[in-house]
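2 protein chains.
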Amino acid sequence: MSFTIQNVLVAVDQGYATVDVQIVDNHIQAIAPNLDVVGTVIDGQNKLLLPGFVNAHTHSSEMWQRGIIPPVPLELWIAELYDFAPLEPDQVYLSALGTAVETLLSGGTSVVDHLVLIPGKEIETIASAVRAYQEIGIRAFIGPLIQDESLTAGIPDGGAQREHKTYVRSTEATLALMQEAVDKFHNPSEGVNILVAPTGIQLCSDALFEGCRELSDRYNLCRHAHLLETKAQEKLAQEKYGCSAVEHLKQLGYLSDRTSLAHCVWLSDNDIAILAETRSTVVHNPLSNLRLGSGIAPILKYRQAGVNVSFGCDGAASNDSQDLLEAIKIGSILHNITDMDYHHWITPRESVEIASLGGAKGLNVADELGSLTEGKKADLVLYDLTSLSLLPRTDPIGLLILGRPTQAVDSVWVNGKRVVADSKVTTIDVDALRKNLFERSEWSINRQSATVSQIEAHYRGVMGLPEQLSKSYS
Amino acid sequence: MSFTIQNVLVAVDQGYATVDVQIVDNHIQAIAPNLDVVGTVIDGQNKLLLPGFVNAHTHSSEMWQRGIIPPVPLELWIAELYDFAPLEPDQVYLSALGTAVETLLSGGTSVVDHLVLIPGKEIETIASAVRAYQEIGIRAFIGPLIQDESLTAGIPDGGAQREHKTYVRSTEATLALMQEAVDKFHNPSEGVNILVAPTGIQLCSDALFEGCRELSDRYNLCRHAHLLETKAQEKLAQEKYGCSAVEHLKQLGYLSDRTSLAHCVWLSDNDIAILAETRSTVVHNPLSNLRLGSGIAPILKYRQAGVNVSFGCDGAASNDSQDLLEAIKIGSILHNITDMDYHHWITPRESVEIASLGGAKGLNVADELGSLTEGKKADLVLYDLTSLSLLPRTDPIGLLILGRPTQAVDSVWVNGKRVVADSKVTTIDVDALRKNLFERSEWSINRQSATVSQIEAHYRGVMGLPEQLSKSYS
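Keeping their order, the protein sequence lines are chains A and B. Residue numbers for the first sequence follow the UniProt record's numbering, so the first one is 1 and each next one is one higher. Residue numbers for the second sequence follow the UniProt record's numbering, so the first one is 1 and each next one is one higher.
Next comes chain A alone, as it looks inside the complex (with noise of 0.2 Å):
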């Protein structure tokens, strides 16, 4: 499959530059102006050809309660998602789908899907969401949502004596089914990739973790979890174990070069230079973040510790979207509120990088992705610089990135296939998928979690709230 884009702009050190860019086998070619025309011609005229972006964490099955949870912090809100969570293959095939369909038009052309798998049916939730991104063709991270510690042991004792259930399927369950889905799904030249994904310190025992550390090393796979999303996930890490969630991964042996963290809110200075140490990626989730309560990653100081950051949309029902341009854009101007000098800033151009090669780099594939290099693969997005949303003419980056860009991606390719053309996703029948949705859910607003009701108490009181229950959420 090749091709050659004609006088499309590109970012160059002094400003931008207008080049052809040659495509040939998936791969970028060449880079210059007055190139030989190599396949089939696309017009760059107008438009900006940037790398494609990573969704850096997701949870594709949330579009199905998004707009739904009333705002309400982490721990209770976790609970009501859990409550009412799609129980149907289907459904997650159709909601992966959402989330690429979002994800491409909005710059994205990879997705980490940290995926919440249906009890008893774990191995066809992951091949519903594997058919949904080979079918839309866009590049698939699918880390398996895995714990072994039931939902209530998420939430600090506070010196209470609690009981927590089992957990439905025990460590060595789990990780045999880890095995299943690296042998079933692995396989990186077909743009479906397996990582292990442990939820997170609250909800995962020391031998999940070493044993997912096993696999990954196994098999050359990369890394993730969530980590230190809430205050109150801080205290309890230091109830668990005495010391900071961060110097346990570290002892574990969690953190490397292929690892990446999701939220990484709660973070010391010690904790901080951990990350740089080990090398291991913080993924920003800042509209979550907000929509949580849980706080502002200090990303600035990531960043000046030479820790890789990347950005994600987190799952529809903390963000309530899977815009990825909303979440860079709010991802970089979160963090001028946190440093009164503004040489700290990030800067539109940082926030790109930060987007593409930091996704790259945080799934271990840099020498592949992130960059229009000559050599890499084509995972390439073409911005529409007419759309009225990018008008008047400025500089088209800072535009992009700070402006609310709507229908401005053009066309996308994905390891050199077209899958956006025209502003239209090319490859699946959106207004089928439209519908689809649709059908499948109603209006309503009137639910109420069990789980919430049961936990509410408990959780207002080891966070010093006080104890009035009052208001209800219309």
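It is worth saying that the hints were derived from the structure and are not from the lab. Since this is a predicted model, take the numbers as computed values, not measurements. Certain hints may be false.
Stated by the list, open to error - Pairs of lysine-lysine residues, derived as DSS-like cross-links and limited to a Cα-Cα distance of at most 27 Å, are as follows:
no., chain 1, residue 1, chain 2, residue 2
1, B, 301, A, 231
2, A, 121, A, 435
3, B, 376, B, 417
4, B, 165, B, 235
5, A, 250, A, 231
6, B, 424, A, 47
7, A, 47, B, 435
8, B, 231, A, 301
9, B, 435, A, 424
10, B, 301, B, 235
11, B, 424, A, 424
12, A, 424, A, 435
13, A, 435, B, 424
Starting from the structure of chain A, add chain B where the hints point.
Just chain B now, with coordinates in the frame of chain A:
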């Protein structure tokens, strides 16, 4: 102009109801199921009807510079802004149209344009904006941006002896200009309202505030100003008045139930009490406050103190968009990180009320606008709930406010006149606007602001920042 919207979802206390809505003579005549058809029929099936939102603070001509100003704080940003401000009234006409298009397509039916005036062409500037808003049909509140001190006076002295140039226009001439603007353009029944809008304490004399207050009293005009957007302005107020800016404005009699104040980031608890007592309105511009590193306005405190709040996009060079739904989303979820108790967090329905009724209150028109109430004017927005961005179906208002709606605005009526149908503005030629904006601009990033070079060292000194000025923005 009469019409009936049939079978449309509206919000009611316990969720949603499907109703018909009759509009007669530009007013909401009736809201109930199964009404007789009056006038044209509009199909409301699978659509949500909300009152129009107010874009309660913007500067339309900043659109010419969106995307291009590097990440710097307000005091440097505004120096660059003014160095490159548009100088032709027809540019103002085009950017007012662009501002209106983006506001309408993100749920807004009213815009407060704190309009930067072209020196020597002040009345023509206002006439250009009025013409644009009248042609497109958005309800306009135009506050000509006036001051009587030069830009350098807006930065605290910090003990240094500084001279400032005399401002180009005297206080008297400025008030005469305002009188002329009122005489020529103030016409509420036609949807054009003139506000008195001194830019703020940082660049205005007491005489200017007092003259504006008198004009406001004489013609029943709303009052507007920036207030304590930055830490630097807080310092400046102390230098200038020896008390807080809010105390000073109260002494001048500027605060009232028809006064709206943009930003309000650096207010003390005593200042907040004064806003409540004077029934002033806070206009929250969250994206601008992040982009410029101004801080987080204490919106939850305002709400608890009973201060009315509304949402604005602020000018497109500090946002860098005019998507009101984005401002509402971020202006709602941002505050979850400022208060551990989620009982205080803003719910999506509260966000809708802030954006509509809160906006109307701040403009002294809550008896006529801001809710779906029989007898009120028909400023209405119809959202298409079959948009992929609002699927699967859950809580429509939750999806709209917390999600990232794209092409979700199906129709907009202002004063009963339809200005958007099938997600397209019908009153102007948007393609021609796009071409005009394209042709009148060019891609560039290598501009240098002379004023920034002059003032940056003083700014860094007075704000306690280290001296180095090396980083270049790209």
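Against the structure, the hints:
no.	hint	in the structure
1	B:301 / A:231	22 Å, holds
2	A:121 / A:435	25 Å, holds
3	B:376 / B:417	14 Å, holds
4	B:165 / B:235	21 Å, holds
5	A:250 / A:231	20 Å, holds
6	B:424 / A:47	23 Å, holds
7	A:47 / B:435	15 Å, holds
8	B:231 / A:301	22 Å, holds
9	B:435 / A:424	23 Å, holds
10	B:301 / B:235	22 Å, holds
11	B:424 / A:424	18 Å, holds
12	A:424 / A:435	17 Å, holds
13	A:435 / B:424	23 Å, holds
The structure agrees with every numbered hint stated previously.
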